[in-house]
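J.: Starting from the given sequences, assemble the full structure and let the hints guide the process.
Chains as they are written, first to last, in the working numbering: chain E, 1 to 290; chain S, 1001 to 1290; chain W, 2001 to 2282; chain P, 3001 to 3282.
Quick caveat, the hints were computed from the structure, so don't treat them as lab data. Ideal Cβ placement from N, Cα and C applies to all residues, glycine included. Each statement offered as a hint is correct.
No farther apart than 27 Å at their CA atoms in a straight line, the calculated lysine-lysine pairs in the DSS-like style are these:
#: 1; chain 1: W; residue 1: K2175; chain 2: S; residue 2: K1144
#: 2; chain 1: S; residue 1: K1246; chain 2: W; residue 2: K2125
#: 3; chain 1: E; residue 1: K64; chain 2: E; residue 2: K253
#: 4; chain 1: E; residue 1: K135; chain 2: E; residue 2: K66
#: 5; chain 1: W; residue 1: K2125; chain 2: W; residue 2: K2259
#: 6; chain 1: S; residue 1: K1067; chain 2: S; residue 2: K1253
#: 7; chain 1: E; residue 1: K3; chain 2: W; residue 2: K2096
#: 8; chain 1: P; residue 1: K3175; chain 2: S; residue 2: K1144
#: 9; chain 1: E; residue 1: K135; chain 2: S; residue 2: K1144
From chain P, some residues computed to sit far from chain S (all C-beta separations above 10 Å):
#: 10; residue: T3047
#: 11; residue: M3156
#: 12; residue: G3158
#: 13; residue: R3172
#: 14; residue: D3195
#: 15; residue: G3198
Each chain is listed here by its residues.
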Amino acid sequence: MDKRMTAAEVVAQLRDGMTLGIGGWGPRRKPMALVREILRSDLRDLTVVAYGGADVGMLCAAGKVKKVVFAFVSLDFIPLEPYFRQARQSGAIEVMEVDEGMMLLGLRAAAWGLPFIPTQVGLGTDIIAHNPDLKVIDSPYDDKEWVAMPALRLDASLIHVDRADARGVCQIAGPDHYMDDWFARAAQQTFVSCDELVETSYFHNPEQARLVHWERSDTTGVVHIPGGAHPSSCNPLYGFDVPHFKAYTASAKDGGIDAYLQQYLGASEEEYQQNVGGLDAIRAIELPTY
Amino acid sequence: MDKRMTAAEVVAQLRDGMTLGIGGWGPRRKPMALVREILRSDLRDLTVVAYGGADVGMLCAAGKVKKVVFAFVSLDFIPLEPYFRQARQSGAIEVMEVDEGMMLLGLRAAAWGLPFIPTQVGLGTDIIAHNPDLKVIDSPYDDKEWVAMPALRLDASLIHVDRADARGVCQIAGPDHYMDDWFARAAQQTFVSCDELVETSYFHNPEQARLVHWERSDTTGVVHIPGGAHPSSCNPLYGFDVPHFKAYTASAKDGGIDAYLQQYLGASEEEYQQNVGGLDAIRAIELPTY
Amino acid sequence: MNTAATEYSLAELCIVACAEAFRGDGEVLATGIGVIPRLAASLAMKTFEPDLMMTDSEAWMLSEPNPLGRRSADHVPARETWMGFSRIFDNVWSGKRHAMLGPTQIDRFGQSNTSALGGTYRQPKVMMLGARGFPGNSISHPNSFFVPAHNNRVFMEGECDFVSSIGYNPARLPKGHSLDDIDIRRVITDLCVMDFGGPGHQIRLLSLHPGVTVEQVQENTGYPVHVPNAVPTTPAPTTEQLSIIAALDPHNQRAHQIKDNPSGVRPSGVRPSGVRPPGGAG
Amino acid sequence: MNTAATEYSLAELCIVACAEAFRGDGEVLATGIGVIPRLAASLAMKTFEPDLMMTDSEAWMLSEPNPLGRRSADHVPARETWMGFSRIFDNVWSGKRHAMLGPTQIDRFGQSNTSALGGTYRQPKVMMLGARGFPGNSISHPNSFFVPAHNNRVFMEGECDFVSSIGYNPARLPKGHSLDDIDIRRVITDLCVMDFGGPGHQIRLLSLHPGVTVEQVQENTGYPVHVPNAVPTTPAPTTEQLSIIAALDPHNQRAHQIKDNPSGVRPSGVRPSGVRPPGGAG
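T.: Spelled out as structure tokens, the structure:
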């Protein structure tokens, strides 16, 4: 089966009101090219589930988002994502704020077909007080109360990987695949952008196959977009673009998202990459030191 | 911290009536040297949780076991573990029979400090009917009933690994670590036997560190026993000992466990290895073809 | 190449009939436990279901099925994904799997038993494999059964001594579930091919192997089999299929799966009273 | 080597005071978020708590802490275990961790806020980081707080605008839990060291930094601080500790953590009214 498709074909599969999972973490390995294609579309009323960065900020600022399920939205070196902050402070979006680990449990519950996974995480905090949908239950085995973290079932997930084959075998060779395997497993459909498209034989080496974190049956479509994570990082291929994130953050104070999109988005990923200096410049961005 | 100890020191840490997790799978990478040391001790009334092979059979036959929590006990190429079969058919042991995946959920629940994880697995089967301790619960999010797989909390786990350092960093470089990471995490104390004892610097190479499946804080003690998995396999170092397992199985019909132990166990692992042909012979056993 | 073979073993007929169980599955993990189910899944993947997924029965997903038994030193398994046992359950619970297994008992509800026979649960007369993954498989994804010796000890009267896998038994239906959630796809034996598509999920005869009669099937089944008006003969393997099977099984392990390795074309009424080897479940 | 230094910055004093929070922890993951907590955990691991575990803040557990900032090309991180973010939670939920973080608000119960200030939850006046891992950390394992600018906006009156982490608040105690299950180990600020060991888990003064008075601490804390009869002065760093800190922080990032990087030895009554940088929580 050949799962290759274009970013436009991915967005054509999405519907208003869908619950969308987005892989990556803060400014790290975000499927930004697919997010940009959503920004070019008339898609709206999305519920976004993510360990959020500029992906969430841009979608909120562009009016694509009805609700965000989040534990944080951050650019790391710029702790507060500027447009998510604006969206919250203007009351423009609904939120379900959870703990980072609760989100992981919710994705696992969805992946495993469970209604919920019990946890003590959230007890005693406003996570529970402000989330009437989060039920607190008793256990048949003890006298404590437990948060029943509900399955976070996703209509679709968007993920960026280092490399994939046309059949949907995806490899994340960077040091951390974050929760991307669970985003892939929790979703009805998973669309992946990849920096490199390879032959299946690339994975026959067990050291390569070890870095394939979910089965191809959990990949719906593959879009070959070198540099597609920019301005986020795709370690080890390239780091995140600090000057770009600074300009993005500055735009929130001066000009807003329209000015930012006007300057960078373009009508296609090719135009976007021209606007940010080209693929070679992206691939030349050094990795962050933590 | 130097966690090195002897097999005898490991067994001295165990107590009658404890719940013991044993890593590996059927005839694969079982901590047999540690099991043999239990056979040499007066330890008894154990509850054993395992994806069982000869480890479970020997402990049952030697009268060490009060209860077995199992989904199967098998030598793979000899499907029915002979001594476990005898123990069941003589009514000598209590059992909690679960599905392979339910056991995994129970270990994860214990590792994560949860009372249970809900699952549909077991519904409609005698797994539920014969396990009054397995509660079936309602979900606050749907109208279905769910099995509340209880945490399988272990007093101690025994695991055999390819290599470890003295601080308890353990590596399983074979193709599958089975559920050993969850046995390590679900236990109060985890005692590991290793084929090779290495310096910590061995793991500085990320390709080596990738194959370390739990943190050293989950390893209580490390016993250096080359060949310690025999007669089970420690892929890629050596396969399982087919002739030995055949002789072991034959002993169940003729002579019983006493004859088997008389012939092989010895007063120490050194004696045992002499009785089975020595370490070189163990290391020379070819890997199975599946 | 697609001409029907005139000479083939009953094992080869069963492999082809078992392979048919996977038709239309698309991209799911095909797990065949035992030589004939494994060859069947491999044959399906090599021919009409190329998107099937398969493991090396150890720790890796393969793009190409491995041949059975010892492989030449220069054989490179076509690994594509790490698939250790812990990850198998991520797949099982996703439902994207179709397993074919050989239980010791199959009752009229399609409930199966791999655990124990007779006696009490505390002290069974015969201890077998244990439930293994049967409870989870049966409620999570489609499953098929292969029975190398069709008799009324396997297809027994009454209910399984121990119910290891859920079937179409209204008395055991979990709250909030429907019998139609359960998917026992196909039952292949040395006599015939069946499913549970009869009235009220009754077991139903789909095809008879050459030379086998409806009476033989019913005599060897401990409960009534629904027999449609027209029951076709199980299609013979094609010469192409036989050559693919031979390549997948270079050591001819298939010759040892059914007692006396009879021909697939049998004089009417005759059948080997094969005893199925223990185990093979998974 | 163990002689007390006479010249050291307030940041260095805080690093040493923060390191003391990890004393006695044994083999747990020490997570210090922000420059001063990270240097503190590293100092503890390099000196009196060698069994502590530490990550590279990315995806690996290290046998030796990494120095902060850009490292020379020939630096080989002492990796020992893969520790991606998903695995961090296996560790968090095991309780074998001690995190040191800098929340925006800390109320009299030790509840903290990293999420939002003012307004309504649907429309906060100031959106901050979000709850991150605070809820799970606070109920799973010991936690300490570092506050670079001790004032009564951080240590505020009343209850946190949003309670991101559980504290010693009887009104929010979950069924089946005890206040003693909660372990807020240490609170280190630019003025003093505190814990919640006062009567009824009241915040308690443990030591005053050189030149700081009890009155200063109380004036800058929005609720009563329990003051024992004798309050020692926070011990000065030793020359050995200063050299280890210098090696761990070759680019002197510590000089930029407290406003104007004041000396640790201050003329009585004077204190920088530092404003804590946003973020740094985690």
